[in-house]
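Enquirer: Taken in order, these protein sequences are the chains called A and B.
Mapping of the first sequence onto this note's numbering: residues 5 to 257, in sequence order.
Mapping of the second sequence onto this note's numbering: residues 423 to 816, in sequence order.
None of these hints come from the bench; they were simulated from the model.
Every value quoted in this text rests on a predicted model; they were computed, and no experiment measured them.
Just so it is clear, CB atoms sit at the ideal spot from N, CA and C, and this is done for glycine as well.
All the pointers check out, no bait thrown in.
Example chain B residues on the side facing chain A (calculated, C-beta under 7 angstroms, incomplete):
hint, residue
1, GLY711
2, GLU714
3, ALA715
4, VAL719
5, LEU721
6, PRO733
Within a straight-line C-alpha distance of at most 30 angstroms, the following computed DSS-like cross-link-like pairs (lysine-lysine) qualify:
hint, chain 1, residue 1, chain 2, residue 2
7, A, LYS122, A, LYS171
8, B, LYS433, A, LYS147
9, B, LYS576, A, LYS111
10, A, LYS147, B, LYS725
11, A, LYS125, B, LYS572
12, B, LYS576, A, LYS122
13, A, LYS41, A, LYS122
14, A, LYS122, A, LYS111
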Amino acid sequence: MTENENTTNDPIIICEDVHKWFDDFHVLKGITTTFKKGEKAVICGPSGSGKSTFIRTINRLEEHQRGTIIVDGIELSNDLRNINLIRQEVGMVFQQFNLFPHLTNIKNITLGPIQVRKMSKNAAEEAALALLERMDIADQAYKYPAEISGGQQQRVAIARALAMEPKIMLFDEPTSALDPEMISEVLDVMRELAHSGMTMLVVTHEMGFAREVADRIMFFDEGVVIEEAPPADFFDNPQHERTKLFISQTLQH
Amino acid sequence: MENLTFTQEVKPPDTKKGPVKWLKDNLFNTWYNTILSCLALVFLFFVFRGVLTWVFTQANWEVIPANLQILSIGPYPLEQIWRVSYVIYGLAVLLGLSAGIWDGLTRQITVAIGCLGAIILLLPFEISVREQTLIATVILAVSFAIGRNKHNWKRWVVVGWVLSFPWTMMMLHGFGGDTISTTLWGGLLLTLILAAVGIVACFPLGVLLALGRRSQLPAIRWVSTVYIETVRGVPLIAILFMGNVLLPIFMSGDFQLDKVIRAMIALTLFSAAYMAENVRGGLQAIPSGQVEAAQAVGLTYPKAILFIVLPQALRAVIPAIVGQFISLFKDTSLVSIIGLLDLLGIGRSVLGNTDWTGLQTEVFLFVGLIYFIFTYAMSHVSQQIEADLGVGKY
Ligand SMILES: Nc1ncnc2c1ncn2[C@@H]1O[C@H](COP(=O)(O)OP(=O)(O)OP(=O)(O)O)[C@@H](O)[C@H]1O
Ligand SMILES: [Mg+2]
Numbered sequence: 005m006t007e008n009e010n011t012t013n014d015p016i017i018i019c020e021d022v023h024k025w026f027d028d029f030h031v032l033k034g035i036t037t038t039f040k041k042g043e044k045a046v047i048c049g050p051s052g053s054g055k056s057t058f059i060r061t062i063n064r065l066e067e068h069q070r071g072t073i074i075v076d077g078i079e080l081s082n083d084l085r086n087i088n089l090i091r092q093e094v095g096m097v098f099q100q101f102n103l104f105p106h107l108t109n110i111k112n113i114t115l116g117p118i119q120v121r122k123m124s125k126n127a128a129e130e131a132a133l134a135l136l137e138r139m140d141i142a143d144q145a146y147k148y149p150a151e152i153s154g155g156q157q158q159r160v161a162i163a164r165a166l167a168m169e170p171k172i173m174l175f176d177e178p179t180s181a182l183d184p185e186m187i188s189e190v191l192d193v194m195r196e197l198a199h200s201g202m203t204m205l206v207v208t209h210e211m212g213f214a215r216e217v218a219d220r221i222m223f224f225d226e227g228v229v230i231e232e233a234p235p236a237d238f239f240d241n242p243q244h245e246r247t248k249l250f251i252s253q254t255l256q257h
Numbered sequence: 423m424e425n426l427t428f429t430q431e432v433k434p435p436d437t438k439k440g441p442v443k444w445l446k447d448n449l450f451n452t453w454y455n456t457i458l459s460c461l462a463l464v465f466l467f468f469v470f471r472g473v474l475t476w477v478f479t480q481a482n483w484e485v486i487p488a489n490l491q492i493l494s495i496g497p498y499p500l501e502q503i504w505r506v507s508y509v510i511y512g513l514a515v516l517l518g519l520s521a522g523i524w525d526g527l528t529r530q531i532t533v534a535i536g537c538l539g540a541i542i543l544l545l546p547f548e549i550s551v552r553e554q555t556l557i558a559t560v561i562l563a564v565s566f567a568i569g570r571n572k573h574n575w576k577r578w579v580v581v582g583w584v585l586s587f588p589w590t591m592m593m594l595h596g597f598g599g600d601t602i603s604t605t606l607w608g609g610l611l612l613t614l615i616l617a618a619v620g621i622v623a624c625f626p627l628g629v630l631l632a633l634g635r636r637s638q639l640p641a642i643r644w645v646s647t648v649y650i651e652t653v654r655g656v657p658l659i660a661i662l663f664m665g666n667v668l669l670p671i672f673m674s675g676d677f678q679l680d681k682v683i684r685a686m687i688a689l690t691l692f693s694a695a696y697m698a699e700n701v702r703g704g705l706q707a708i709p710s711g712q713v714e715a716a717q718a719v720g721l722t723y724p725k726a727i728l729f730i731v732l733p734q735a736l737r738a739v740i741p742a743i744v745g746q747f748i749s750l751f752k753d754t755s756l757v758s759i760i761g762l763l764d765l766l767g768i769g770r771s772v773l774g775n776t777d778w779t780g781l782q783t784e785v786f787l788f789v790g791l792i793y794f795i796f797t798y799a800m801s802h803v804s805q806q807i808e809a810d811l812g813v814g815k816y
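Produce the entire structure from the sequences given, and follow the hints as far as they go.
Expert: In structure tokens, the structure reads:
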């Protein structure tokens, strides 16, 4: 496998010795890494290893207590203005979709652009419809989230994140809550997004997707990255016992 | 191999039943249910016969028309009654316009009130009352017609509703030299004013207290919690008394708050605590993923609360909130304890008149009917709102 054609050398996320505790529980134990503009990183590892917590620190849904995180040149601190700036640059897709059930799909998408980007209603709706078209669900625009399938909901959620025109997209197990036949429609959309040059951090157990799309796979265990490598090396020549075990287990399925 | 599949149009089973079938299925399906149903029927028959006989042959209803004016407005001076009319005309304009502009519920309410106007016209009221009712009904109809194609007036109508409160108070109280003391406000008029002010004011206060109780800031959380728990631990009567007796002592000599205003404050502060707990119940039902998703698209925390959490939370607790409004409406009857003459208080004062002694049943039944009409209307409106918003749909 070769590096993705649109990965650059400019760093966009820099993590330096990031630590995170939940009360006394040490969840992230010093993560140091750099993501480049256009890079696709897949994060995997056993349950409870801190994968979600890590990507949630990048848009400050979780606060880190030690170390530094710099996103697109802005250091994450308690400064609310910085946090709001960074959240506009970083889109996020959740395992449970987290769509707003009281709003139609299109309103789910236009809320951010109208309230945060101060776009006009018409412009925001036009953009939202174009995004839904891109997600192949333009006909679902005026329905409520509860009225469409899980795969369609997750694509609305992706459109909602993209509507803010983010530079980085975070995915936290975007297909784990989906029925098997809907997984591919979401992965297709993510694949297309990857080819468009978006910087993506994806927590997933979809190893086929990882092998095909990722520039790098990071393996988390108990709050540390114990191995990271391009997919070819990672799958065919893992270094650590823990990684070998994990790969043999996931490939069995 | 050819794969033959037969698909037939299958209609859903007919679940609608005629009334006879319903009776059979629900009341007479077993021998003991049949016996119970028959006993209940006999019991209801005697109760109804007793009530109807009393209502139509024994009751002395004269007391109601003779005191209708005092029951409606209390001791409010007759020569100033045009003030009440103007308030009603103003509200009729707003209601008519709203019904024209917004479909649905406001229209239903307007039609109901219009019908009420028509009924009053047909009843043997004093000619001046019927005249003013006619004017109000016509105003309602005309503003409805005007409102229908004035969708860009929405903002102004909302402003109008907001201003209708000070307008009503000023109008009833009068300005300049010639004022009508609030001690002369009474009857249904006072009850409605107290209830309306209480409902409109306790709602935002309750929402703020509920948010405060869940705040990250300890000081705000602490103040809200103490307030809610304290107020909920004290009976409304005690709060009304305190407002009436203690406030004047604490306030400096010249400046004294009006008694009606004190009652409004007491009712609002009291209801707000309960409102807060209702709203908090709704807030707790919203999963944290909702705020996270809102923040992830860049909304600030206050905006996430305003656009995402509150609409869902309030919608989930509409029944509890309306229940709160209904109790508030009925609780206004407690103000007679501090000497205000609300609808129930006026009813009792009518009975104090020697002409009408012994007619408790008639008067209280009538007063009770009025309370029922208003609370039932509120409850109906709430069900309508729930249906419109599709509560429970997801
Ligand atoms: N809000 C929280 N409070 C306390 N502990 C938490 C909280 N969130 C997560 N944890 C704990 O932190 C650890 C890491 O959680 P995290 O969700 O990051 O794991 P994960 O790698 O994403 O696992 P999974 O594959 O199950 O999603 C877990 O042990 C979890 O119980
Ligand atoms: Mg996780």
